[in-house]
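Kindly produce the complete structure, drawing on both the sequences and the hints.
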Amino acid sequence: MIIVLCPLIVLMILGGVVALEATSLLSSVVLLGIVGFGLSAAFLILQAPDLAIVQIVVETLSLIIFIAVILKTTSKDTSTRGRGRTPHYVMAAAFALIFVLAASWALASIPPFGMPSLRMAEAYLSPNSLLQPTGAANLVAAVILDFRGYDTLGEATVLFTAVMGVLAVLRKTGRKP
Amino acid sequence: MNDYIGLGVIFIGILFDLFGCIGLVRLPDVYNRLQAATKCVSLGTCGIMFGIFLMEGFSGLGVKALVAIPLIFVTAPTAAHALARGAHIAGVRLWRKSVCDEYEEEKKQVGRGKPFI
Amino acid sequence: MRGMTPIVKTVTRGMAGMIFLYGIYIVLHGHLTPGGGFAGGVMVAAAFVLVFLAKGSPEAVSEAKKERSSMAESLGILTFWVLAMIGLIGGTFFYNFLTKGKPFRLLSAGFIPLNNIAIGIEVAGALFAIFITLAVLKAGGKK
Amino acid sequence: MSRIVYFIIAYAFWLLLTLSVDWQHLVTGAVVCGLTTMIFGKISISRARKLFQPQRYFWMVLYVLVLLWECLKANFDVAYRVLHPAMPIRPGIVKARSSLKTDVARTCLANSITMTPGTLTVDMNGEGDLYIHWINVKDDDAQHATQMIVKRFERILKRVFE
Amino acid sequence: MNLDHLFLGFVASLVALCFFCLYRAWRGPTVADRMVAIDILGILVVGLCPLWAIYTKRGFLIDVALAWILMSFIGTITLAKYLGGQQLDE
Amino acid sequence: MNLIPLFVAIPLAMAFVMPLFGRLSRLLPDLLGNAATLALAALSCAMINLPMMVYKVGGWEPVNGVPIGIYLVVDGLAVLMLLIINVIGFAVSVYSIEYMRKYTDKARFYTLFLLMMAGMNGVVISGDMFNLYVFLEVAAIASYALVAFGTEAEELEAAFKYQVMGTAASGFILVGIAVLYSLTGTLNMADAGKVILEQGRSQGALFAGALFLMGFGLKAAIMPFHAWLPDAHPSAPAPISAMLSGVLIKAIGIYALCRIFFNVIGLNLTTSYILMAMGALSMIAGVFLAIGQWDMKRLFAYHSISQMGYVVMAIGIGTPLAVLGGLFHLVNHATFKSLLFLNSGAVVYSTGNRDLQKMGGLNQRMPVTGATSLIASMSIAGIPPFNGFWSKLIIILAAVQAGYYGLAALAVVGSIMTLASFLKVQRYGFFGKLRPVWKKVREAPVFMCVSMVLLALLCVGMGLLLLPGVKDGLLDRAADAVTGGTDYSGLVLGK
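Just so you know, the sequences run in chain order A, B, C, D, E and F. Quick note on this note's numbering: the first sequence kicks off at 25 and runs consecutively. Quick note on this note's numbering: the second sequence kicks off at 110 and runs consecutively. Quick note on this note's numbering: the third sequence kicks off at 50 and runs consecutively. Quick note on this note's numbering: the fourth sequence kicks off at 8 and runs consecutively. Quick note on this note's numbering: the fifth sequence kicks off at 69 and runs consecutively. Quick note on this note's numbering: the sixth sequence kicks off at 6 and runs consecutively.
Calculated from the structure, these hints are not laboratory results. No residue lacks a Cβ here, since even glycine has one placed at the ideal position from N, Cα and C. Just so you know, not all the hints are guaranteed correct.
Claimed, not checked - Taking lysine-lysine and the PhoX-like style, the derived pairs with C-alpha atoms no more than 20 angstroms apart in a straight line are:
| hint | chain 1 | residue 1 | chain 2 | residue 2 |
| --- | --- | --- | --- | --- |
| 1 | C | K115 | A | K96 |
| 2 | C | K58 | D | K49 |
| 3 | A | K196 | A | K96 |
| 4 | C | K115 | A | K196 |
| 5 | D | K158 | D | K145 |
| 6 | C | K114 | A | K196 |
| 7 | C | K114 | D | K49 |
| 8 | A | K200 | F | K107 |
| 9 | A | K196 | F | K111 |
| 10 | F | K111 | A | K200 |
| 11 | F | K107 | A | K196 |
| 12 | D | K49 | C | K104 |
| 13 | C | K115 | F | K111 |
Claimed, not checked - Ranges between beta-carbon positions, derived for each pair:
| hint | chain 1 | residue 1 | chain 2 | residue 2 | range |
| --- | --- | --- | --- | --- | --- |
| 14 | A | T110 | F | A47 | 54 to 64 angstroms |
| 15 | A | V93 | F | L29 | 24 to 34 angstroms |
| 16 | F | L29 | A | R195 | 15 to 25 angstroms |
Laid out in structure tokens, this is it:
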């Protein structure tokens, strides 16, 4: 598995770097597609098809929405480059460096992937029945819609909120004359 | 037996994918790249799917692989056509050694810069 | 000419239905196979988006569609809420009040398929509403 | 009429997806396909009558076989051009004329052309003029191009769709 | 050398092919080139899905492939429409 | 039947119904919105003096002692926060009946407002880390949209800035949750606290703590992370400014910070020093930035940073008295800061202007607004009979008691500077000679006055919370929940 996963991660990282460097916003959006597709493929490799499907559909839809927005605004990257921004770059690089160092120091104490003490997951697959207590064949569906259905209500509400926000902010007139 | 035929078909499919990707890198302009990539990669993927179908037979996996083949065959050329037309309207030039461009001439006759049709 | 070339239009006429059907398949089989309300809902929205893209759509129709998809979104999430509240009346919030059924059948796992359908409707409405809002938005005001 | 046909096609697709003859799947499939037909059936199939003429299916099969053969040829053609160190290509966009009338037939033709050796449909206008990107232009005259690219499918497609 | 290793090799080679697409997306002189690269990347990964499904013996991974075909078609159509200079609603 | 889920369910239901029926009549959005907030306020008052409650969503009992469902936990701290959120929310929604007439699409305003309420309530009652994150996002996204509700250019810009910062903060929080999850194998806060206690605090927990500090610090606008607040809060419509400054930064910032740091990870000396330093910094720097402002709402916004500094500093000191003072100040700040923003909204409503230099003598034309703003100003500056005095007094006493004389001195200095800046507001805004421009200005409509008076009464009466009988029921229990630290696990899991 690792022989496939590592190249995919390299692909995603390179794609992200290239997307940052592109000068036109459209190119950036298109190149971000590499990151999204690579992520979806990585989920597939990790045998999480639910996530892979969600990632691919969301990737496509966000691509469409990006395009819609770029069409309405501009496709030029208008941020200033180079001049006068050096302190920012230095700060960002320093922060990233500190973050990576701290993370690699801290994450060493975390049990390796795949064999942490999966306490909750063991409980989900309860021992006294064939499947989980919910009777769903797909464990992910059982977790997100039954054990943690309240979370899913919250997530659906996040989407609802976002749509309401978009519709509210993009009204024709904000204030009454 | 089916397994080995399937493996062979899959192998050929991946080989076609390889040709397509080489074409994507080597050929000189968008239209040529589309030519190579669309044809080879979609047929290669179809080959993989068909090989899987041969290996699996009528199980859930095999049938879905079979269903995927017509879908690829319909969507891939359409997408290629749409991209080529979009690129041409967006003003992407043909390779400088190209022989002729009758589409460009037609567009000029119909109206300057406007997407025609 | 409104919309895209005849080739794309013709292919869309066939493909939109298939995408829609596949989206619904993912929603309905969320508790058996990968996917679920969210992924399927996005695919259903994408089917409508594809038709919209290929045909192009006059603005007046789009406004009405936006309202309708926003309503569908509210209805979907309200259904989800009602399903949760039925549990509250019977015992606790989000109590799985239906019978569990036999595993691997379509009608199993209590209210999970119903939840999936509710979320699917909500997501489809939500994303189509966002798409229409952004696609028909007239960039006004100061440029 | 066209809706019934659409319903049947959708139902077949559904059955292939579920691959189960459980009554629950069948009933749900009927409901779902009915919904799909309600929403998309109107725009999808225009001349359902043609679907009930069996000779068309024979030509359909033939068409698929020809298409597959051409596809294979196309792949070897592309592989040759790509792998050849000198890249023997001579690209250009030529115009060809098709005599097909219906949209479906024209679409099939355009997509077939895209899948065959060295050609890619760039655009198609209302009168049936196809603009084709040709990787190795042999003749930029419309008549000859038509002869070389379009004719081999046109004959079959005419039988299938018109 | 059994079949499993063979399939792993197939999948790894497909992932390796993705780097060709990355190269084209990086270098592509025009936006259209990048779009072509993304389109091809999508189709390549579609081929990866069933191979991985066989390798891991989890048939349901193929669902991802179908979703991928359909969605990447929509994405490409949108990009093409943008390139063709049309607003999305016309 | 247990009522805890209703805190989320009621506002969500009204929010979902609003887009369906909101167009039918002009009155309906007002009616539905206020009914929901009234019900919530009543419900939260009913929660006072109940024992700590644990609610298992979906009826999933723990398996082998590992909680598998989501827990909702209402302890003393949560009750306090619920009271603040819902009472202030009710006052603000009454206020918006009149105020939001100036804007279009009231139905959507109430939808977003109720979603924000639901999000904050969800954060407060949640006993599960990921659930907390989800509702935090609901509240945050609703607030991004509400900041931009006027759709003017500068509002959109402020909202954009706010959104970028908020999203970064959410990212940090999510990564922190992921680290904690992979460390402990559970998302339940009580269970995670137990596991961390058993394992000992490892490097992973420290890293997660740092991430949470950045994330919630950004949400709460503590000093190094404060840059978005002075833009975002003044740009929103006045009722929303009141909600944001008065409640939101507390509910999804301070409250979550307390919950995670005290009850899950457990506070150690380094963390408390960091909290104290950040608190003291924001306390002083916020007030110095505030005193130079001439834009009324902007001045108030900077004061939010400063007053949050008091709270964070007090919580960082960590003695029971200090935590009590900090929480009391939290409550007080919610009342007087919302009142101040509502006042500024009334001024904007009547005059269309919020520049202090152009005002003057508004007391003569707007007596209710003037009087209530005087009460609020005295309160925030810490003048004796009002509630702000008592909480600041407790904080300073606690600082002295714990031996941090420097912090106590800083708190005094900050208080004096606050007094100075609010004297400026009163002097230029409400006292002095009435300018001829404002001769025809009228007092704000009745609903706005009602809610301002309600909050002013709260400001005056809140000092009573320190009376022995009342204090036990509310403040002491909240302070116990914080200072009890990782006892939380035992209480929730029932051992």
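Hint check:
Of the supplied pair hints, the one linking K115(C) and K96(A) holds, its CA atoms being roughly 18 angstroms apart against a limit of 20 angstroms. Distance hint between K58(C) and K49(D) is fulfilled; the C-alpha atoms sit about 14 angstroms from each other, no more than 20 angstroms. Proximity of K196(A) to K96(A) is assessed by CA-CA distance (about 15 angstroms); at most 20 angstroms being required, the pair is judged to hold. Proposed proximity of K115(C) and K196(A) is supported: the alpha carbons are some 14 angstroms apart, at most 20 angstroms.
Annotation: proposed proximity of K158(D) to K145(D) holds, straight-line Cα distance about 16 angstroms (limit 20 angstroms). Simply put, K114(C) and K196(A) have alpha-carbon atoms about 17 angstroms apart, close enough for the 20 angstroms limit, and the pair holds. Distance check on the hinted pair: K114(C) and K49(D) sit about 18 angstroms apart at the alpha-carbon level, within 20 angstroms; holds. In summary, the hint linking K200(A) to K107(F) is supported, as the alpha carbons are separated by about 5 angstroms, within the 20 angstroms threshold.
About 14 angstroms separates the Cα atoms of K196(A) and K111(F), which keeps this hinted pair within 20 angstroms; it holds. Note on K111(F) and K200(A): the hinted pairing holds, with a Cα-Cα distance of about 11 angstroms set against a maximum of 20 angstroms. Between K107(F) and K196(A), the direct Cα distance comes to roughly 15 angstroms. Compliance with the 20 angstroms bound is thereby established for this hinted pair. For a cut-off of 20 angstroms, the pair hint linking K49(D) to K104(C) stands: about 14 angstroms separates their Cα positions.
This hinted pair checks out: K115(C) and K111(F) have alpha carbons roughly 18 angstroms apart, not beyond 20 angstroms. Look at T110(A) against A47(F): about 58 angstroms separates their beta carbons, and that is inside 54 to 64 angstroms. The hinted range of 24 to 34 angstroms is satisfied by V93(A) and L29(F), whose Cβ atoms lie roughly 33 angstroms apart. As the Cβ distance of L29(F) to R195(A) is approximately 19 angstroms, the hint placing it in 15 to 25 angstroms holds.
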